[in-house]
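Asks: Here are the chains, one letter per residue:
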Amino acid sequence: MTQLALVIDLNVCVGCHACVTSCKQWNTSGTAGPLPDQRPYDDDPSGVFFNRVQTYEVGCFPDTETVHFPKSCLHCEDPPCVPVCPTGASYKREDNGVVLVDYDKCIGCKYCSWACPYGAREFDENNKVMKKCTLCIDRITDMSLPEEERKPACVMACPTSARIYGDVHDPESAASKAIREEGGYQLQPEWGTKPANHYLPRRKQQIHISEEELVRADNPLRKEDEVPFDQQSETLDDVAW
Amino acid sequence: MHPAFSVIFLTTLIGIGQGLFLALYTGQVYSLANLLPGQDSQGFYALGGLVALVFLVAGLFASFFHLGHPERAWRAASQWRTSWLSREVIVLPVFMLLVFLFALVHYLGWTQPLFTVSDALVVDLSLIIGFIASIVAFALYICTAMIYASLKFLKEWHSPLTVVNYTFLGLASGFMLAAAFSAYKGIDLVAFFGTWAVIFTLTAAIGRVASLMRNRQLRNQYDLSSAIGVRHPQLAQQTQGFLGGSFNTREFFHHKSAGFVNNVRRLFLLLVFIVPVVLIAASYFLQSEVLPMAAFAFQYLGLMAERWYFFAEAKHPQNMYYQQIA
Ligand code: SF4
Ligand code: SF4
Numbered sequence: 056m057t058q059l060a061l062v063i064d065l066n067v068c069v070g071c072h073a074c075v076t077s078c079k080q081w082n083t084s085g086t087a088g089p090l091p092d093q094r095p096y097d098d099d100p101s102g103v104f105f106n107r108v109q110t111y112e113v114g115c116f117p118d119t120e121t122v123h124f125p126k127s128c129l130h131c132e133d134p135p136c137v138p139v140c141p142t143g144a145s146y147k148r149e150d151n152g153v154v155l156v157d158y159d160k161c162i163g164c165k166y167c168s169w170a171c172p173y174g175a176r177e178f179d180e181n182n183k184v185m186k187k188c189t190l191c192i193d194r195i196t197d198m199s200l201p202e203e204e205r206k207p208a209c210v211m212a213c214p215t216s217a218r219i220y221g222d223v224h225d226p227e228s229a230a231s232k233a234i235r236e237e238g239g240y241q242l243q244p245e246w247g248t249k250p251a252n253h254y255l256p257r258r259k260q261q262i263h264i265s266e267e268e269l270v271r272a273d274n275p276l277r278k279e280d281e282v283p284f285d286q287q288s289e290t291l292d293d294v295a296w
Numbered sequence: 003m004h005p006a007f008s009v010i011f012l013t014t015l016i017g018i019g020q021g022l023f024l025a026l027y028t029g030q031v032y033s034l035a036n037l038l039p040g041q042d043s044q045g046f047y048a049l050g051g052l053v054a055l056v057f058l059v060a061g062l063f064a065s066f067f068h069l070g071h072p073e074r075a076w077r078a079a080s081q082w083r084t085s086w087l088s089r090e091v092i093v094l095p096v097f098m099l100l101v102f103l104f105a106l107v108h109y110l111g112w113t114q115p116l117f118t119v120s121d122a123l124v125v126d127l128s129l130i131i132g133f134i135a136s137i138v139a140f141a142l143y144i145c146t147a148m149i150y151a152s153l154k155f156l157k158e159w160h161s162p163l164t165v166v167n168y169t170f171l172g173l174a175s176g177f178m179l180a181a182a183f184s185a186y187k188g189i190d191l192v193a194f195f196g197t198w199a200v201i202f203t204l205t206a207a208i209g210r211v212a213s214l215m216r217n218r219q220l221r222n223q224y225d226l227s228s229a230i231g232v233r234h235p236q237l238a239q240q241t242q243g244f245l246g247g248s249f250n251t252r253e254f255f256h257h258k259s260a261g262f263v264n265n266v267r268r269l270f271l272l273l274v275f276i277v278p279v280v281l282i283a284a285s286y287f288l289q290s291e292v293l294p295m296a297a298f299a300f301q302y303l304g305l306m307a308e309r310w311y312f313f314a315e316a317k318h319p320q321n322m323y324y325q326q327i328a
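Top line first, the protein sequences correspond to chains A and B.
With my numbering applied, the first sequence covers 56 to 296.
With my numbering applied, the second sequence covers 3 to 328.
None of these hints come from the bench; they were simulated from the model.
Computed list of lysine to any residue pairs in SDA-like fashion (alpha-carbon distance at most 20 Å, straight line):
1) A:Lys165 / B:Phe313
2) A:Lys249 / B:Gly231
3) A:Lys165 / B:Ile92
4) B:Lys157 / A:Pro135
5) A:Lys249 / B:Lys154
6) B:Lys258 / B:Gly247
7) B:Lys154 / A:Gly247
8) B:Lys317 / B:Met215
9) A:Lys165 / B:His4
10) B:Lys317 / B:Ser227
11) A:Lys165 / B:Trp82
12) A:Lys160 / B:Phe66
13) B:Lys157 / B:His4
14) A:Lys147 / A:Ile195
15) B:Lys317 / B:Phe7
16) B:Lys258 / B:Pro5
17) A:Lys165 / B:Lys317
18) A:Lys160 / B:Arg74
19) A:Lys147 / A:Val184
20) A:Lys183 / B:Gly247
21) A:Lys259 / B:Gly231
22) A:Lys165 / B:His256
23) B:Lys154 / A:Glu245
24) B:Lys187 / B:Thr28
25) A:Lys165 / B:Pro5
26) A:Lys206 / A:Thr76
27) A:Lys183 / B:Glu73
28) B:Lys187 / B:Gln41
Input sequences plus hints: build the corresponding full structure.
Replies: Here you go:
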């Protein structure tokens, strides 16, 4: 069985909120939309987002580090939000494991949001239905898009590639590899919800440098003694400004 | 959790409706066994059934204010296999129909004996309908309470005590209303219903205090560190991801001070359990018909405070991600 999910790398997330805004843009204009705001320019703004980025400070000053923590529905494999729904509006897709709300069936009783321990669902005050991350179901299942674009909007937007998307049940997927090799973890696994989304922890940076990268390919300013090749003819660097 | 008035009214009002019906039916069974004087079908049982129905309808009406799309409420009957809310949505109308039939049968006077069981128990139509309705009334208490008790992440609710309390608080207030109703009608069942109301009130007090004590012992099995999965003793939230409020900061927190919440608890303990018992006791001696009505009124006010506290008391784990309300 396929279980699509996100693997979010806390090691590289810079907290730029590109995923938040691209999510809001795509989903407001897509099948999940709109994601309305209330009083967006006033003192007390509010609105529906599928994805929020929070920021935490770890450690004691001056030895502190900042961790940005993107937070959205984890598409649990055993989602407590689904069985409690009285209308069947909340469901988990059989084919790819994405947890969705059918906005035409939802009566807006908010019971599902009480059952989700992660606070991943948000009530839409304008349309009076429950909304949540769809993993951009209208992108990832749209066969008219080129394959590299069949990804959630947040994944496409992330400038640091902190969001890895894939099937966590396929051991060969990039998502599964990242979980396996980089110490991926679930949020509160003891709750038994089996979140499909994983997070990659802060870890020691490893830079991979190969031998060739240490040797200069050219030497335009001739500042160093070692000249990589004999100066028979001019290179492009020699003539360009 | 944020206490919503629609749900406070729903749960308290239907609890009274169920309790009042059960009181009426208890009265009918007692008089059948000649333990109580028989009552007038129309004036007592039909009218009493109507009053119970009014409370049930009022509760149902209040519940619609909780829904974003009340016009789709019928859909909520579909997931009875898994959802206690769905089960309540089915059982409540069934119970209302049965109470309506019970009142109607009494009103039309269709109370001729249908058959007699072992020459002693005279069975008529109202007795049969009432019997089924009584079972459904208890099923409804269970459904209503299980909506909350089944949510395993809300530890304050996830306990059999929730079911016990919903049941006994409903019974207490329903019998209290029956006593008030008898006093109002000038029927000498005030002592009977009043005694039962006091018994149920005291039982409910034991259950409610037990749950208060249990919830006081509860310790979070999670903290900020486990919530975000960063194992470090020093963690502080710097931003919650947005400037203003959101559903997450509104729905899961009462936004009142700890002192206010404590006062609500003291208030409901006084109004639900102490004042009505004192008033009923006083009404025995003073033969007053106002006191049972006052007892019911105070208990209902107290029940609203009790339900408010019930919601406010429950700490949702999602609040960990919003340290300002955690
Ligand atoms: S994170 Fe919450 S809303 Fe999403 S699947 Fe899990 S329980 Fe449901
Ligand atoms: S708010 Fe909608 S999706 Fe959630 S439990 Fe109620 S009907 Fe189901």
